[in-house]
Amino acid sequence: MSGIKFAPDDIKFASLRVLYEAGVWTRNQTLDSEVPVEQLNSLWEALHPVPELLHQWREDAEAELHLYWASYDERWEEPKLEATFRAALAAFRSGERC
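Residue 65 is where the sequence shown starts when you use this note's numbering, and the numbers rise one by one after that.
Hints are all accurate, no fakes.
20 Å max Cα-Cα, derived SDA-like pairs, lysine to any residue:
1) K76 / A147
2) K144 / L80
3) K76 / Q120
4) K144 / A154
5) K144 / A155
6) K69 / E116
7) K76 / L131
8) K76 / L118
9) K76 / K144
10) K144 / L104
11) K69 / A125
12) K76 / A154
Here are the in silico distance ranges between beta carbons for each label pair:
13) R122 / L83: 16 to 22 Å
14) K69 / E146: 19 to 25 Å
15) G67 / A155: 27 to 33 Å
16) I68 / R91: 27 to 33 Å
17) Y84 / G159: 16 to 22 Å
18) E98 / Q120: 33 to 39 Å
19) V101 / E138: 16 to 22 Å
20) E123 / A155: 22 to 28 Å
21) L80 / R139: 21 to 27 Å
22) V101 / G159: 38 to 44 Å
23) T90 / E138: 15 to 21 Å
Since the hints were derived computationally from the structure, they do not count as laboratory data. Yeah, the Cβ is synthetic: ideal placement off N, Cα and C, and Gly gets one too.
Required output: the full structure, derived from the provided sequences and hints.
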């Protein structure tokens with residue numbers, strides 16, 4: 065597996081937290097017929113690159129994550145992907161675990 069570079073632990077931790085919270089939010093929204101299908105599509109459009117980026121990390125990968133998440137956050141009220149990432153990153157770096 066030469067040549068594969070994984071994301072740093074703090075980025076992995078925070079990104080996985082984003083995926084977890086978005087997954088729970090999506091599951092809960094399936095019980096509410098009011099959530100627009102377009103929003104669910106936008107959310108998962110912003111999230112689907114995460115596993116691949118974490119698995120094949122490169123210098124600009126974190127900026128790419130933020131671009132995907134910001135494009136979602138600018139359009140929809142919840143879940144807030146950037147805020148979730150920042151909170152999880154801070155928790156990891158301070159030794160806490162969410």
